[in-house]
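Participant: Could you build all of it, start to finish, from the sequences and the hints given here?
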Amino acid sequence: MHLFMKNNLLRIVLAGLLIADICFSFIQHANMPVTGDLAEVAFPDKGSAYYHVLQDPVGLSVLIHDTLYANPNRYFSHLWTSAYMLHVPKMLQTVADPVESIYLACGVIKILIQAGLLLLFATYISNSFSITTLKWLTAAVLVTPLFQASGYNSYMGFIDQSITYNFFYSLPLMLLLLFFLPYYRAWYNQTIIRMSNTQLILWAGLTFILCFSGPLVPGILAIICPLILLGYLYREFRDNPAQPFGIRVKHAIISLNKPPFIILFLTILLSLYSLYIGSFNILNRAETLSLTDLYGKLSLGIFHQFTDKAGFPLAFLVIAINLILLARMPDSAEKRGIFTLTRWLLLFSILFILLLPLGGYRLYRPQILRYDTVMPITAGIVLLFGISSHYLIFAFQGIRRYLYVAIVGLILAVFTRADIPMFYENDCEEKCLYEIASATDTILILHHDCPVMEWGKISDYRMSAANARLLNYWGVTKRLTYYYQEE
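Residue numbers 0 to 486, in numbering that gives the first Met the number 0, belong to the letters of the sequence shown in order.
Check before you lean on any hint, since a few could be wrong.
Derived pair list, reagent style PhoX-like, types lysine-lysine, alpha-carbon separation capped at 25 Å [stated by the list, open to error]:
no.	residue 1	residue 2
1	Lys-456	Lys-430
2	Lys-477	Lys-456
3	Lys-477	Lys-89
4	Lys-334	Lys-134
5	Lys-334	Lys-257
6	Lys-477	Lys-45
7	Lys-89	Lys-296
8	Lys-45	Lys-89
9	Lys-296	Lys-308
Simulated restraints on C-beta separations [said to hold, decoys possible]:
no.	residue 1	residue 2	range
10	Thr-306	Gly-230	29 to 39 Å
11	Thr-441	Val-12	52 to 62 Å
12	Leu-199	Arg-399	39 to 49 Å
13	Glu-333	Ala-19	45 to 55 Å
14	Arg-416	Phe-244	26 to 36 Å
15	Phe-23	Met-462	30 to 40 Å
16	Tyr-423	Thr-306	27 to 37 Å
17	Ile-252	Met-462	53 to 63 Å
18	Val-12	Gly-230	33 to 43 Å
19	Ser-437	Leu-268	46 to 56 Å
What the hints contain is simulated information worked out from the structure, not anything from laboratory work. Quick caveat, the model's predicted, so the values are computed rather than measured. Every residue gets a Cβ at the ideal spot worked out from N, C-alpha and C, and that includes glycine.
Facilitator: Pasting the structure below:
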């Protein structure tokens, strides 16, 4: 009875910590500036850079007419941005004024994506769907501090401060984790993967969506899906040592003749097609560098990305300590699984980083590797951090458990402390939007230094045309109101 009451109390405390962090994160997300690209992506004018992609979901015009346009293989990211940001702010105007509804809508989608990622991470780590169990709640609390809205956000963030980037990076990552979950659970539990007919249909649809979502997902699928197939081939080959070599190979190949694996084969083909049409992205052709230059910049990016802030070094330190401690633990299937997962994640990370320069060069990403392009590796680090720590917490007993929990708790406290409150980041932009809303002239000069729905200040009122259209659509302005700022 005492143990039961103790576990219940601990679950309540852990659930309370999760709820408090979600609320804290929502306030931070809802008080971030809108930043750039939103109007061009969500409400593109006919003939604008992002108009064509919404008319051609699978990029057929690239193949048939040799058409060049922006982001030909990212239809769903554009669709999500447009569908959400055109409708949800207007819906929220029943509880907030038009300007406030913009930031409220941004906060809502960001926290929903964060909650979805947290749910999936905790499910991977605990190997359980039951969100009320002590193991699931422990897993969730282990990784929650690693979601940084400020602090280490620009190095290992999942939820971007820019609303647009979340539809192109964090939302596809969430769907990607969902896609791989049944394969991971079957591998981790050493069972045969099974999917119902309904799930097969859903996963086939998810494949199609993922292959045309975001700049990273097709490449990730093209790397991980073959690795999964190779992993299952090796397991089937390994489990029949008494058979002749040729029979073992044949049996391993035949074992992949199942619908879940056929989906992986189709995913590989579709992701390769997506990568091909993505190579015609006109945005990648503005700056061209030699491969030597690109890999030179990548080497600098690797160094700075993983060393400039304490976030990654701390995570690496915990993982290294965990693996050393695990090596001294008695042998178990879970222990072997963690070391196998470490090797596969390391292989994926190397392949992914080496292939990044082939995706093109952008001026705003001078060293190739940045928090957004490194997000899949960040997810792997978070998973390994969580899985290894979670295993040790429940494997240790007595004073060793308390000591280990104290060490991990200290590391998590550093992450929590780094994620300092940022509740007023949008104050300047919000004031500008209210000025635009109350303007009587069609062209307004803003006497503020902060960007207004852009990456930088607007010096020519014509550059605000897309923003003016979107603000008018939302009802922030009664007419098209252009604006600019003094140099």
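Participant: What hints, given by number in increasing order, does this structure fail?
Facilitator: Numbers 5, 7, 13 and 14, in rising order.
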